[in-house]
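Whenever a hint applies, use it, and build me the whole structure from the sequences.
To convert, note that position 58 of the sequence shown is 58 in the UniProt record's numbering; the numbers rise steadily by one, no gaps.
Hint data in this document are derived by calculation from the structure and do not stem from the laboratory. Heads up, the beta-carbon is just placed ideally off N, CA and C, and yes, glycines get one too. A few of these clues could be false.
[What the hints assert, rightly or not] Simulated restraints, written as ranges between beta carbons of each label pair: (1) 124 - 90: 45 to 55 Å; (2) 92 - 61: 20 to 30 Å; (3) 25 - 98: 11 to 21 Å; (4) 91 - 16: 49 to 59 Å; (5) 90 - 60: 36 to 46 Å; (6) 101 - 67: 30 to 40 Å; (7) 86 - 64: 18 to 28 Å; (8) 102 - 40: 14 to 24 Å; (9) 90 - 125: 28 to 38 Å; (10) 12 - 121: 33 to 43 Å.
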Amino acid sequence: MRKETVIEECLTCPQPMEMKKQICYVCITQKIVRGKWKLVIIWLLRDGKKRFSELQKSMPQIKQSYLTHQLRELETDGLVNREVYNVIPPKVEYTLTRRGINFLSVMDSMNNWGKQFVQESFQNGGDSEK
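The following block contains the structure:
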């Protein structure tokens, strides 16, 4: 999804204006990182550049075409940089951009929340509402 499309989608959102003011930026963020593998890709790139094959090996369940699609969207939205080297065989490396690196603090918070959720769920016999 292109950045312009995400922002246009937010502007044309049918929510009442007061609600838009409260949730607009959360919705934009959600639309940028939606996709089954985008958060995993960002998490894997946190340690530095990776080649396509390295990403694919880290996510054996993902189809090559879908990984390509997810990487292109992350690149379009400015979270991932794709560097192509003019060598044979072709070499392509992916890294996080400044925006992608800034997003890691959100990922860290999500990771911490997930750990806490799992711990509380096990302590409460699977019921996190106890």
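Now for the hints, and whether the structure bears them out:
{"no.": "1", "hint": "124 - 90: 45 to 55 Å", "in the structure": "holds, 51 Å"}
{"no.": "2", "hint": "92 - 61: 20 to 30 Å", "in the structure": "holds, 21 Å"}
{"no.": "3", "hint": "25 - 98: 11 to 21 Å", "in the structure": "holds, 18 Å"}
{"no.": "4", "hint": "91 - 16: 49 to 59 Å", "in the structure": "holds, 50 Å"}
{"no.": "5", "hint": "90 - 60: 36 to 46 Å", "in the structure": "violated, 22 Å"}
{"no.": "6", "hint": "101 - 67: 30 to 40 Å", "in the structure": "violated, 21 Å"}
{"no.": "7", "hint": "86 - 64: 18 to 28 Å", "in the structure": "holds, 22 Å"}
{"no.": "8", "hint": "102 - 40: 14 to 24 Å", "in the structure": "holds, 18 Å"}
{"no.": "9", "hint": "90 - 125: 28 to 38 Å", "in the structure": "violated, 52 Å"}
{"no.": "10", "hint": "12 - 121: 33 to 43 Å", "in the structure": "holds, 38 Å"}
Checked against the numbered hints given earlier, this structure breaks hints 5, 6 and 9; the rest are met.
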